[in-house]
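All chains should be modelled from the sequences, with the hints used to inform the complete structure.
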Amino acid sequence: MRYIKITLLLFVIVFSSCNSVKVVTDYDTKVDFNKYKTFAFYKTGIDKAAISDLDKKRILNAIESELLLLGFTKSTNPDMLVSIFTKSREKVNVNQNNNLGYGFGWGWNPWMWNGNNNINVSQYTEGTLFIDFIDKNKKELVWQGVGTGALKVQNREKKEERIKEFVKEIVSKFPPEKKE
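Read in order, the letters of the sequence shown are residues -21 to -1, 1 to 159 in mature numbering (1 follows the signal peptide of the UniProt record, and there is no 0).
These aren't lab readings, by the way, just hints derived from the structure by calculation.
Possibly wrong hints are sitting among the right ones.
To be verified - Simulated pairs of lysine-lysine, DSSO-like, Cα-Cα distance not exceeding 27 Å: (1) 36 - 137; (2) 36 - 16; (3) 118 - 16; (4) 70 - 138; (5) 115 - 27.
A quick note: this is a predicted structure, and the numbers were derived from the prediction, not measured.
Here you go:
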């Protein structure tokens, strides 16, 4: 019974980690982020993103929703401009499971050397979304959030859900907390 519980726990950890978005941020430590109250999208930067217009729209809608939840207001005369950039690459995972006959499990025999080699190969697309916040007056990048994770393009709903997850994870790190 203990073996089954451990196996289920490992299964949950492995498959939930595939869904996670790894986020890193960087920002200008001299900037007072409390002064930013309004935002607009930086069309020039967004046009350079190498994704479909539909995906751009999905990303921008998700960013707008998250910023509105944080108390920002969309404006034609903003304090802050928002831009995006994307990258993707194909990844291959190769896992080799050598069942060498020790430990407890299915097919285990303590008196025989069991030399089963199981090789699992999986391929997926890893996507990276950069969200940049630019001070409109200074025309300088003040904050950047980068989210990286597996992309699952099973259908439109799943794609939209994954985009919202990426954006939520990244924008949740803004504004940066001051460490004093």
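- prompt: Going back to the hint list, which numbers does this structure go against?
  reply: Per hint list: zero violations.
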